[in-house]
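Protein chains in written order, with numbering that gives the first Met the number 0: chain A, 0 to 373; chain B, 0 to 373.
Don't read these hints as lab results, they were simulated from the structure.
Any given hint might turn out to be false.
Claimed, not checked - So the derived label-pair ranges between C-beta atoms look like this:
| hint | chain 1 | residue 1 | chain 2 | residue 2 | range |
| --- | --- | --- | --- | --- | --- |
| 1 | B | 297 | A | 112 | 23 to 33 Å |
| 2 | A | 350 | B | 45 | 51 to 61 Å |
| 3 | A | 33 | B | 181 | 50 to 60 Å |
What the hints assert, rightly or not - Simulated coverage check for chain B against chain A, where a stretch passes if three residues somewhere in it have a Cβ under 8 Å from a Cβ of chain A:
| hint | stretch |
| --- | --- |
| 4 | 92-98 |
| 5 | 264-271 |
Don't be surprised by glycine CBs; every beta carbon is placed ideally from N, CA and C.
2 protein chains.
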Amino acid sequence: MKHPITLLIFFCALTLQAQTVAHNHQVTFRYDAPDATEVVLELNGMRIPMLPGNATWNVTTDSLPSDLYAYRYIVDGKPVTEAQSLRKMRDIDNWFDYFIIPDGIGSYFEANNVPHGKTEQTWYTTADGNNRRMSVYLPPSYSNNNQPFPVLYLLHGSGGDELAWLELGRAAQILDNLIAEGKAEEMIVVMPSGNMWQEASPAYYPKPVKLSHRDVRLSGTFEMQFPEIIHYIDTHYNTVPDKHHRAVAGLSMGGYHAMHISHHYPHTFDYVGLFSPAYCPTKIYHDNILFPVSDSLPEVYRQVENELQTQFQAGLKLYWIAIGTDDFLYEENRLFRQILDRNHYPYEYSESAGGHTWQNWRHYLLTFAQRLFR
Amino acid sequence: MKHPITLLIFFCALTLQAQTVAHNHQVTFRYDAPDATEVVLELNGMRIPMLPGNATWNVTTDSLPSDLYAYRYIVDGKPVTEAQSLRKMRDIDNWFDYFIIPDGIGSYFEANNVPHGKTEQTWYTTADGNNRRMSVYLPPSYSNNNQPFPVLYLLHGSGGDELAWLELGRAAQILDNLIAEGKAEEMIVVMPSGNMWQEASPAYYPKPVKLSHRDVRLSGTFEMQFPEIIHYIDTHYNTVPDKHHRAVAGLSMGGYHAMHISHHYPHTFDYVGLFSPAYCPTKIYHDNILFPVSDSLPEVYRQVENELQTQFQAGLKLYWIAIGTDDFLYEENRLFRQILDRNHYPYEYSESAGGHTWQNWRHYLLTFAQRLFR
Chain A
0 MKHPITLLIF FCALTLQAQT VAHNHQVTFR YDAPDATEVV LELNGMRIPM
50 LPGNATWNVT TDSLPSDLYA YRYIVDGKPV TEAQSLRKMR DIDNWFDYFI
100 IPDGIGSYFE ANNVPHGKTE QTWYTTADGN NRRMSVYLPP SYSNNNQPFP
150 VLYLLHGSGG DELAWLELGR AAQILDNLIA EGKAEEMIVV MPSGNMWQEA
200 SPAYYPKPVK LSHRDVRLSG TFEMQFPEII HYIDTHYNTV PDKHHRAVAG
250 LSMGGYHAMH ISHHYPHTFD YVGLFSPAYC PTKIYHDNIL FPVSDSLPEV
300 YRQVENELQT QFQAGLKLYW IAIGTDDFLY EENRLFRQIL DRNHYPYEYS
350 ESAGGHTWQN WRHYLLTFAQ RLFR
Chain B
0 MKHPITLLIF FCALTLQAQT VAHNHQVTFR YDAPDATEVV LELNGMRIPM
50 LPGNATWNVT TDSLPSDLYA YRYIVDGKPV TEAQSLRKMR DIDNWFDYFI
100 IPDGIGSYFE ANNVPHGKTE QTWYTTADGN NRRMSVYLPP SYSNNNQPFP
150 VLYLLHGSGG DELAWLELGR AAQILDNLIA EGKAEEMIVV MPSGNMWQEA
200 SPAYYPKPVK LSHRDVRLSG TFEMQFPEII HYIDTHYNTV PDKHHRAVAG
250 LSMGGYHAMH ISHHYPHTFD YVGLFSPAYC PTKIYHDNIL FPVSDSLPEV
300 YRQVENELQT QFQAGLKLYW IAIGTDDFLY EENRLFRQIL DRNHYPYEYS
350 ESAGGHTWQN WRHYLLTFAQ RLFR
């Protein structure tokens, strides 16, 4: 007996997930829960009842379009993920297994055999002394090339953090794949933390939330301090530090941030992307007024429509808005487009199916990134 | 009624894990499984039976020493993790929730309010044309400082990948905290992928395993090609490119790699760390001979004892071995120390409780990192 366990540990096979994809992209899910009363499959937000078999609950989907699919099981009301799997995603404190159906849009979300960019988590210090973490994507040529690159600032939603666009949003894979096909320019992508009450993802840095600061979305602090992030990037990375080579985009609260940052600093970005964005800085809008003029509001929200005018008069290359028809922010977006239309501000608008989902936001980034810096 | 769901999404509270830590560091675990026959808590490898209560299984531990604790539940034989939680760790395809008991050694594994280094995932190309991913830790002063830094090459085990030392091993937190206390020098830490049949973590890059190449641990390819990694680091980062400022360490298969790389390139490293290492390049040793001399072996394994002699004659600052008394590689390690003792090669040996575990490897890195470059 000479340590066969060594071989087991060195060369163990990986257990397969309880999910198999057939040739026609029908997917069969199996969940072993002999005593459960009800098992539901949650698949990219759809709820699909599973059928009890011999101790195993089963369901086979219709043929699924190429995409990334996140799923979990709801067993008697309680969410569970696969016992063993390589690929899970965290959405705040919820976890999902995921798989990709390739040969279509899904292939853009997979790491393929193409030149890869570098991803980083780095820390910067704000003028008021907070250390804050951000993620940065550097395109494949960055290390081998002294040429400067344009920058996309890509902002997460209120439930996200500086890891969200990399982990849930597949930003590195999307950029790698678009660049490899010549469909996007090489660019730096900066993903800061937009929750001012957290210095970093709570998964990384469990500093207690300062409850009195939780409402900072409406304090304007993140928007006002945004030039500090730009300054950090322009002094630590090889960038083209001008408006023509700068984009800002974000989802949900990040769209809200991108919109308010870009009008408050109206000569800073040539490209603005609003993915399922919120807009109203007073939480709730009255009489269909999204942007009340009030000195009691934080500075960044006081003159929104005037600042929008300055922004559009200064000119920009692309103001791009996308939202799903089922999004709870759909009406708020309709009101915002009314303001743009009334003033004849040029923008592009893209409407998709579905709602406030990462499935949509991955698609929006895939489209928006192809429009930048060219 | 104007979108209360916005507020919910923007400001939702995080669900607590089903685990509470009392003031005296006793931890109570609760798992809701009314129909289960048996629920066992697996806590840092210990198996602790849970007791059924009103629909909820419970157990309260003794007071736990300060450390990082990874856990999951085994429900009727099937491993499950918390339904909702911020902090999970992946060990190959097994997942664990984790928490940290601070105020002692555990605090070194937490992200604290200290200057933070940067972490990166980057790709390099081997001379034979493979793109391979690695993780790199850059110490807090790296970006603000033109001074070059020493480098620790830190290697994972066969079940790991280029993310293992960052995620399971807490390497960034350990270095940040030691550096902040002045207990370790600022250093770059390079964590390549040691499984030659994978270009990157299978969680990131699900390229099919080439089965015919699975046995590459014994092909010596990783060890032979290691100078390519050193060359990539010395040409892309601000390093001191000499033996005095270079260390190599690894766990399990990574210890095996560190040992064989350092004797085959005997003028390359002043510091060698072997954490629960394997040694024997023929899988199984006969007649207590760890290192047979045979022309049929790959080059790096042909003259191990001669090369060890060259390495120790050239001199080095620290040759450090650590293993747990319950480790299945304990006997193999005893045989290796016999070779070192017989030849009067200077080394240090540290024996801990426990076995082949990340709990030990985090502790070993914490000790070893304090000995480097000073």
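Here is how each hint holds up against the structure:
Range check, residue 297 of chain B to residue 112 of chain A: about 27 Å between beta-carbon atoms, so the 23 to 33 Å window is met. In this structure the hint that residue 350 of chain A and residue 45 of chain B lie 51 to 61 Å apart at CB holds, the actual value being about 54 Å. For the pair residue 33 of chain A and residue 181 of chain B, the beta carbons lie near 57 Å from each other, so the given range of 50 to 60 Å is met. Here the stretch 92-98 of chain B counts 3 residues with a CB under 8 Å from a CB of chain A, which clears the bar of 3, and the coverage holds.
Coverage of the stretch 264-271 of chain B by chain A is violated in this model, with 0 residues showing a Cβ closer than 8 Å to a Cβ of that chain against a need of three.
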